[in-house]
Amino acid sequence: MTRENHSDQKSYEDFWFLFLAGIYTLIGVTFFITFQAADSSIKTNDFKFYILGWIVFLPVGWGLSALAEKLKLKALSGFSSFGFLLAFVNFILLLYLLTPSNWAGGSNLFRVTLFCLSQLGVGLAVKGFSRQGQKLSPFLQKSLMVLMGVIFACWILFLTPDTFLFLKLASISNALAGLLFILLLREGLKPENLSNPAARPLFRREFFFYLLALFLIVVLVVDPHYRVETYHDSFYLGPLADFRAGKAFLVNINAQYGLFVFYFLSLFFKVLPLGFESFSLVLTALFVLQYFCFYFIVRQLFHSRLYSFLCLVVLLLVNYFATMGFIIQNPSVGPLRFSFAYLLMALIVLRNQKPKWADRFYIAEAAVAAAAIFWSFEVCVYTLPAYLGFVCYESIIDLKSLKFNWKLWIRRLSLLWGFGLLLLVFIYGDIYRRAAEWPHWNYYFDYIFLYKNGFGMLPVPAFGAWWIIIGILLISICVVMGSLTKWKESSRPAHFNVMVFLTFYGISQFLYFLGRAHPNNLFHISMPSILLGAYWLYWLGSRQDGFAIPGLFKKTILVLSAAGLGFYLQFLVPDMAFKLSQSFSEFSSLPQKTIDAARNLPLAEDDFVKTAADLMNQYSGSKKEVIYFFGNKGLDVSMYTGRTKAYPYNDIGQLCICGPAIARVMSYQPAISPGDYLYLSKDIDSSYYDLIDGRYSAAVLEKTLLRKINKRFNLKFVELRNGISVMRVLDEKSKSDQARNSF
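Just so you know, we're using my numbering here: the sequence shown kicks off at 2 and counts up by one.
Derived from the structure by calculation, the hints contain no laboratory data.
Remember, it's a predicted structure, so these values are computed and weren't measured experimentally.
Cβ atoms here follow ideal geometry from the backbone N, Cα and C, with glycine treated the same way.
Do not take every clue at face value.
[To be verified] Derived DSS-like pairs: lysine-lysine, alpha-carbon spacing no greater than 30 Å straight-line:
no., residue 1, residue 2
1, K683, K709
2, K404, K71
3, K487, K71
4, K704, K248
5, K71, K143
6, K355, K191
7, K717, K624
8, K709, K625
9, K683, K704
10, K143, K128
11, K408, K355
12, K271, K248
13, K624, K704
14, K625, K712
15, K143, K191
16, K734, K625
17, K555, K128
18, K709, K611
19, K248, K625
20, K624, K611
[As the list claims (entries may be wrong)] Pairwise CB distance ranges, derived in the manner of DEER restraints:
no., residue 1, residue 2, range
21, F427, F572, 46 to 56 Å
22, G64, L553, 21 to 31 Å
23, V426, G660, 28 to 38 Å
Please construct the entire structure, taking both the sequences and the accompanying hints into account.
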C-alpha cells in the first residue's frame with residue numbers, strides 16, 4: 002500500500018469514527034429520555050437535561066466509538082468497513098428509537114437488548130466476511146450511504162404533520178423557485194471559487210461589494226415607520242430614564258435585562274432625546290451594523306461573493322423576517338443580546354489575517370468578552386463559557402501528547418479577568434458615586450430567579466425544528482473534537498478556529514430557547530447554525546479533503562441540503578414580502594422619518610405629557626425627583642420631562658412582574674415634606690400589562706402607595722387639568738390620626 006493510499010484509508014476511517022461518535026451520542030440521549038419518561042419532574046427539566054446531554058452523553062458517545070475502533074481485529078478488514086456498518090445499523094436503530102410511537106410503549110430492556118445485539122451482529126457479520134476472504138463491497142458502502150440519506154428524508158416527511166400539505170404546496174412554481182435556489186447555491190460552490198481566503202486582503206474592488214451589501218441591508222432592514230412596542234421597549238427605557246436622572250443600578254433602578262447594556266445605550270442618548278421613536282432608531286442602526294458585520298465575516302470565510310450574499314440573505318430571511326410580528330418591536334431578541342458573537346468572530350478573523358498583530362487582537366477579544374460578563378446575565382452565560390472553551394482549544398498544541406501552551410492560556414485569561422476587574426471597579430465606583438451605597442446584586446438576580454422558577458416559561462416539545470439546530474451543533478462539536486484527535490493542523494480549513502468559537506457559542510445560546518421554547522425563538526438563535534451549516538456545506542463542496550469525507554456522502558448531503566433549503570426557504574418569502582411592502586410604502590419619506598425619529602417625533606401621549614410637564618414646572622419648579630402616579634403613562638412623563646419618580650421604580654410593567662421588587666417599593670419611605678406636590682391621573686387604575694391577553698389591566702400598587710401617603714399626611718386638592726390632579730402636602734398627621742386611618 003502506498004503512503005498516499007494509506008493516508009486516504011486513515012482519513013476514511015477517521016470520518017466514520019466521528020460519524021459513529023455522533024450516532025452513539027444521540028442513542029445515549031434517547032435512552033435517557035425513555036428511561037425518564039415516566040418521571041415528569043425530570044422529563045420537563047429541560048435545562049438540566051440539556052447540560053447533561055453535552056457533558057455526559059457526548060463523551061459517552063465518543064468513548065463508545067473509540068471502543069469500537071479498539072475492538073477491531075485485523076480480520077475485520079479495517080475500521081472503515083467495520084465502522085461504516087456500525088454507523089449504518091445504529092443510524093437505523095436511532096430512527097426507530099426516535100419515532101414517537103415507540104416512546105409511549107415498549108420495554109426499555111428490549112431497547113437496550115436490541116442495541117447490544119445490533120453491535121454484536123455487525124461484528125460477527127464483518128468477521129464472517131473476513132473468514133471467507135471477502136471485504137465489504139465499495140458499491141455496497143456507497144449504496145448504503147445514499148440509502149441513509151433517503152431513509153432520513155422519508156423519516157422527516159413521515160414525522161412532519163403537514164407532509165401532504167407541503168407536497169401539495171410544492172407546485173411547479175414552488176419547484177422552480179427551489180430549483181433556482183439550488184442553481185444559485187451550485188454556482189456559489191463552484192470549485193474555481195473555493196481558493197483559500199485566509200490571507201485575502203480587502204482590495205479596493207471589494208469596497209464596492211461591501212457598499213452593495215450595506216445598501217442591501219439598509220433597504221431590507223430599515224423600516225421608515227420605526228415601529229415601537231411600548232411594553233417591551235419600556236424594559237429598557239425605564240431604567241435608562243432613571244439612570245439619566247441620577248439613580249443607580251442595583252440600588253434604586255429595576256432592570257431585568259442587565260447592567261452594562263444600559264451604560265452602552267446611555268451613550269446614544271447623550272446625543273438623542275430619550276423616547277420610544279429614538280430608541281427604535283438606535284435599534285435599527287444596531288441591526289444594520291450586526292448584519293453588516295455578519296457579511297464581513299462570511300466574506301472572509303468564503304471566497305465566493307455569490308455564496309456570501311446567499312448566506313446574508315438566508316440569515317435575513319430566517320433571523321429578521323421569519324419572526325412573528327416585527328422584530329424591531331422586541332428589543333431583547335436583537336443585537337442588544339446576541340451581538341457579542343459577531344464582534345468576537347470578526348476579531349478572530351482579523352487575527353487570522355494579521356498574525357503579527359495577534360497580541361493586540363487578544364487584548365481586544367478579552368475586552369469584548371469581559372464586557373459580556375457584566376452586560377447581562379444571559380449574555381454572560383452565552384458568551385463567557387464559549388470564549389473560555391475557545392481559549393482552551395487554541396492553547397492545545399497536541400491532545401495526543403497532552404501538550405498545552407500554558408503561557409498563552411495564562412496570558413489570555415489574565416487579560417480577560419484583568420478587564421473584568423477594571424469593569425467591576427468602574428461599576429462599583431459609579432454606583433457608589435450616584436447612591437452612596439454599594440450595589441445589591443440580589444436586586445438583579447431577583448428577576449433572573451423569577452424566570453428560573455418558571456415565570457413565562459414553555460417546555461421544549463419532543464419533536465420540532467429545534468432538531469436542526471441541535472443536529473448542526475452536534476456535527477460541529479464532533480468535528481471540533483476530531484480536529485484535536487484525528488487531523489493535523491494542515492488539514493483544517495481556513496478560519497476553522499472561528500467555527501470552534503461559534504460551536505461553543507451556539508451550544509450556550511440554545512439555552513435561550515430552553516427557557517421559553519416557542520418556535521419563534523428558534524429564529525432569534527438561528528445565526529450560529531446558519532453560519533456553521535454554510536461553512537460545512539462550503540467545504541463539502543470543495544475538492545479539498547481536509548475532512549476526508551467520502552465523495553458520494555458529500556454529494557448526498559449537498560443535494561439534500563440544497564433541496565431542503567430551496568423548498569422550505571420559499572415559505573418564508575410571503576412574510577418577507579408582506580413586511581417589505583409595509584416598509585416600502587413609505588420608503589420615499591425615509592430621510593424625513595429618520596430625522597423625526599432622531600428628534601423622537603411624534604411624541605407618545607403628547608397632550609398628556611405636555612400637561613404633566615406644565616403642571617410640574619408650575620408647582621414643583623426645578624425639583625427633579627417628584628411623586629406622581631400615572632400608571633403605565635409614568636414612563637412617558639419621566640422621559641419627556643427629565644423628572645424621575647421619588648419611588649425606586651419607573652416603568653411599572655417591569656416592577657409588577659417581580660414580587661421582591663414590589664416589596665421593596667412598598668416598604669420604601671420617600672422624602673416628603675409639607676409644601677411638596679403629588680400628581681395623579683386616572684391611569685393609576687390601568688398600570689399593569691397582562692401577559693395573557695396583552696392588555697393593560699387594573700393593579701393596586703400605586704393606589705396602595707397613595708393610601709400610605711394619605712395615611713401619613715394631610716393632602717389638599719389643588720387643580721385638575723387634562724385628567725391630571727395636583728395634590729399639595731399640608732402637614733404630617735398625628736400618630737392617633739394615622740392609627741385611626743389604618744382601620
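Here is how each hint holds up against the structure:
no., hint, in the structure
1, K683 to K709, "holds, 18 Å"
2, K404 to K71, "holds, 23 Å"
3, K487 to K71, "holds, 15 Å"
4, K704 to K248, "holds, 24 Å"
5, K71 to K143, "holds, 25 Å"
6, K355 to K191, "holds, 28 Å"
7, K717 to K624, "holds, 20 Å"
8, K709 to K625, "holds, 22 Å"
9, K683 to K704, "holds, 11 Å"
10, K143 to K128, "holds, 20 Å"
11, K408 to K355, "holds, 21 Å"
12, K271 to K248, "holds, 16 Å"
13, K624 to K704, "holds, 23 Å"
14, K625 to K712, "holds, 25 Å"
15, K143 to K191, "holds, 24 Å"
16, K734 to K625, "holds, 26 Å"
17, K555 to K128, "holds, 29 Å"
18, K709 to K611, "holds, 28 Å"
19, K248 to K625, "holds, 11 Å"
20, K624 to K611, "holds, 17 Å"
21, F427 to F572: 46 to 56 Å, "holds, 48 Å"
22, G64 to L553: 21 to 31 Å, "holds, 29 Å"
23, V426 to G660: 28 to 38 Å, "holds, 32 Å"
Consistency with the previously given hints is maintained throughout, with no hint failing.
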